[in-house]
Amino acid sequence: MQIGQVLKKIGGQHLDIACTLLWGNLVTWRSKKQVVVARSSAEAEYRAMAHGICEAIWIKRLLEELRIDCEFPMQLYCDNKATISIAHNLVHHDRTKHVEVDMHFITEKIEGGIISVGYIPTKQQVADILTKGLYGPAFEALASKLGLIDIYTVKDLSLEFKEKDENQSGLEDGIQYPHFPSMSPVKLMRKKMRQERRILLTAELLSQDKEADNQMVEAAIERSKNLDTTVKGKYSIWRRDYDNPNSDSTLKLMRDQIIMAKAYANIAKTKNESSLFDSLMAQSRRSQRAIGEANSDAELQPRALEQAKAMGHILSMAKDKLYDCSIMAKKFRAMLQSTEENVNAQKKKSAFLIQLAAKTVPKPLHCLPLRLAADYFLMGYHSRKDDNKEKLKNPSLYHYAIFSDNVLATSVVINSTVLHAKEPEKHVFHVVTDKLNFAAMKMWFIANPPAGATIQVENIDDFKWLNSSYCSVLRQLESARLKEYYFKAHHPSSLSLGSDNLKYRNPKYLSMLNHLRFYLPEVYPKLEKILFLDDDIVVQKDLTPLWSVDLQGMVNGAVETCKESFHRFDKYLNFSNPMISENFDPNACGWAYGMNIFDLKEWKKRNITGIYHRWQDANEDRTLWKLGTLPPGLITFYNLTHPLDRGWHVLGLGYDPALNQTAIENAAVIHYNGNYKPWLDLAISKYKSYWSKYVMFDNPYLQNCNINE
Numbered sequence: 001m002q003i004g005q006v007l008k009k010i011g012g013q014h015l016d017i018a019c020t021l022l023w024g025n026l027v028t029w030r031s032k033k034q035v036v037v038a039r040s041s042a043e044a045e046y047r048a049m050a051h052g053i054c055e056a057i058w059i060k061r062l063l064e065e066l067r068i069d070c071e072f073p074m075q076l077y078c079d080n081k082a083t084i085s086i087a088h089n090l091v092h093h094d095r096t097k098h099v100e101v102d103m104h105f106i107t108e109k110i111e112g113g114i115i116s117v118g119y120i121p122t123k124q125q126v127a128d129i130l131t132k133g134l135y136g137p138a139f140e141a142l143a144s145k146l147g148l149i150d151i152y153t154v155k156d157l158s159l160e161f162k163e164k165d166e167n168q169s170g171l172e173d174g175i176q177y178p179h180f181p182s183m184s185p186v187k188l189m190r191k192k193m194r195q196e197r198r199i200l201l202t203a204e205l206l207s208q209d210k211e212a213d214n215q216m217v218e219a220a221i222e223r224s225k226n227l228d229t230t231v232k233g234k235y236s237i238w239r240r241d242y243d244n245p246n247s248d249s250t251l252k253l254m255r256d257q258i259i260m261a262k263a264y265a266n267i268a269k270t271k272n273e274s275s276l277f278d279s280l281m282a283q284s285r286r287s288q289r290a291i292g293e294a295n296s297d298a299e300l301q302p303r304a305l306e307q308a309k310a311m312g313h314i315l316s317m318a319k320d321k322l323y324d325c326s327i328m329a330k331k332f333r334a335m336l337q338s339t340e341e342n343v344n345a346q347k348k349k350s351a352f353l354i355q356l357a358a359k360t361v362p363k364p365l366h367c368l369p370l371r372l373a374a375d376y377f378l379m380g381y382h383s384r385k386d387d388n389k390e391k392l393k394n395p396s397l398y399h400y401a402i403f404s405d406n407v408l409a410t411s412v413v414i415n416s417t418v419l420h421a422k423e424p425e426k427h428v429f430h431v432v433t434d435k436l437n438f439a440a441m442k443m444w445f446i447a448n449p450p451a452g453a454t455i456q457v458e459n460i461d462d463f464k465w466l467n468s469s470y471c472s473v474l475r476q477l478e479s480a481r482l483k484e485y486y487f488k489a490h491h492p493s494s495l496s497l498g499s500d501n502l503k504y505r506n507p508k509y510l511s512m513l514n515h516l517r518f519y520l521p522e523v524y525p526k527l528e529k530i531l532f533l534d535d536d537i538v539v540q541k542d543l544t545p546l547w548s549v550d551l552q553g554m555v556n557g558a559v560e561t562c563k564e565s566f567h568r569f570d571k572y573l574n575f576s577n578p579m580i581s582e583n584f585d586p587n588a589c590g591w592a593y594g595m596n597i598f599d600l601k602e603w604k605k606r607n608i609t610g611i612y613h614r615w616q617d618a619n620e621d622r623t624l625w626k627l628g629t630l631p632p633g634l635i636t637f638y639n640l641t642h643p644l645d646r647g648w649h650v651l652g653l654g655y656d657p658a659l660n661q662t663a664i665e666n667a668a669v670i671h672y673n674g675n676y677k678p679w680l681d682l683a684i685s686k687y688k689s690y691w692s693k694y695v696m697f698d699n700p701y702l703q704n705c706n707i708n709e
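For the sequence shown, our numbering gives the first residue as 1, with consecutive numbering after it.
No incorrect hints appear here.
Capping the alpha-carbon separation at 27 Å, the derived lysine-lysine pairs in DSS-like fashion look like this:
#1 K604 x K464
#2 K269 x K309
#3 K363 x K686
#4 K563 x K688
#5 K252 x K331
#6 K541 x K391
#7 K389 x K529
Pair by pair, the computed Cβ-Cβ distance ranges are:
#8 N587 x N448: 45 to 53 Å
#9 L201 x L336: 40 to 48 Å
#10 K541 x N448: 16 to 24 Å
Keep in mind the hints are simulated off the structure, nothing from the lab.
Backbone N, C-alpha and C fix where the C-beta goes; we use that ideal spot for every residue, glycine too.
Could you put the whole structure together from the sequences, leaning on the hints where they help?
Right, dumping it as structure tokens:
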């Protein structure tokens with residue numbers, strides 16, 4: 001490193017310049033204005049030396065991080081002998097009284113072996129090129145020491161390097177390098193060694209590549225020796241005695257023929273082979289009519305095989321006239337791309353239709369609540385008071401919470417639960433529905449009371465405390481941003497967004513019946529434990545043992561769903577947001593709503609509803625999670641959920657047709673979570689019987705609305 005200083009005209013302050021050279025090459029240079037006015041040139045030079053040492057220490061640490069060890073002290077050159085004397089002499093005199101701090105700093109680094117200060121003549125001080133107005137020859141001499149090149153010179157740089165290489169000597173193998181006056185012999189030797197290593201590595205890679213090619217050739221030759229190319233027996237699918245091992249082989253053959261015919265027809269059209277084009281298209285239509293809607297050979301029309309033979313004859317003619325490998329490949333690629341686009345469009349349309357069917361109420365289910373509500377008011381039940389009020393608040397009984405607007409689904413949940421209960425008279429069902437379905441729900445259980453059990457039906461609109469000033473979701477529903485997101489007033493069709501966003505248009509994600517599960521202590525303040533059930537479940541065993549499960553101080557008892565990777569926290573929450581990543585483990589195990597035992601005493605103690613409100617407010621712009629109740633549930637009950645045995649709750653009957661049959665039959669509760677609900681035509685047929693056997697199909701209301709098996 002070489003340092004220098006120049007006096008600025010304004011204010012008399014000095015400007016420090018430090019140049020750092022690594023193996024003869026300039027790597028950094030730095031200028032810094034001294035903050036105080038120096039009283040002597042020695043003081044200014046000394047301060048410049050301190051700044052230069054700081055730069056050298058920074059370079060040393062950078063090299064150490066790059067694992068380049070500096071065995072010797074870093075050399076610092078200065079052209080002021082007085083400054084060098086001060087650095088090596090600890091005696092204080094009139095020249096050092098103003099630089100005591102810098103002096104101790106420099107002395108410490110010299111004694112520590114980090115820096116070695118040496119003298120350099122002024123003519124060789126390269127820092128002067130940055131601080132002084134030098135005359136021509138001096139400037140060019142210092143510029144050459146720094147390896148500076150004029151990029152605007154007319155002379156070709158490659159020729160300049162070539163001329164310098166020809167004058168260079170001392171290299172034994174004839175490898176030439178550009179020569180710079182500042183290039184040291186050590187550097188030249190290192191460059192030579194690097195070049196030699198590069199040549200050796202290249203040769204080694206080439207030899208390995210050649211060896212691999214030879215091995216592949218030998219393997220191919222050996223394989224060809226053992227390959228039996230003789231024709232054995234029947235081989236042509238066009239022969240009469242061709243064996244047909246597959247039940248749909250003819251159907252597949254005809255479909256492939258149609259594809260080939262369309263490809264040849266396109267080529268024939270471009271080559272003005274109109275007669276062949278017409279023949280191919282006509283035979284394609286005949287083959288398509290012969291296939292019809294068949295899914296196997298048995299469903300094909302009797303003349304289908306004759307059409308296949310006729311198509312084979314036309315394809316043979318087309319091949320003789322039109323076959324060209326490259327053209328056929330292009331046609332097939334174009335057809336493949338077109339087919340893929342059609343498939344993607346159909347997938348989007350299918351996703352849209354499935355979501356539409358999932359949230360559309362079928363006509364029979366629309367009929368049922370209308371008939372029930374009409375009879376409720378005609379028969380005067382609206383003025384009837386509820387009995388068994390003491391049971392509704394008795395914490396020693398088994399209490400269930402069901403929040404639903406589906407009368408038929410709720411009846412199945414309660415019927416299946418009561419049927420398997422050992423003591424039905426001790427079971428109390430708290431049903432909350434909306435104003436539209438309140439009368440129908442009441443009427444159903446008045447007309448069809450489950451044996452011994454107590455049923456309470458409430459209207460969510462009667463909960464006056466559940467308002468926008470208290471409930472975060474209701475407050476957010478009033479915001480224009482959520483309305484814009486949900487109803488998409490100024491956005492393109494939801495169909496173009498795909499199924500991922502489309503499913504959040506389902507009204508259940510904004511229904512307060514869906515979010516009421518976060519207010520259980522407010523709805524049932526006298527109870528200590530309650531079992532929450534979704535309306536798309538079926539109970540197959542007695543559930544009373546759940547009240548005896550030790551939750552070990554937890555609030556929520558639920559079955560975990562992390563057997564598969566897609567049920568962990570990172571699939572529900574946005575871990576790119578620091579609020580989520582700093583508070584939750586992305587690999588934490590998820591759990592399921594649908595059957596949950598809640599300890600309401602512990603709930604109140606830990607202020608669970610307050611935790612829910614805080615996170616729901618933070619997600620007003622939906623950056624933490626999308627709509628729904630499971631993500632805020634995972635957050636609210638984080639580290640507060642006790643895992644139940646998997647046999648209590650089996651999920652997936654609403655979307656997965658490949659569930660284990662034994663697990664379904666042995667489960668206490670089966671859950672039709674997903675779009676394929678058992679009361680819809682979309683339902684997976686093999687799972688529907690588990691639900692339908694608890695439906696009272698002989699009930700007059702169901703028969704009048706054409707609800708049957």
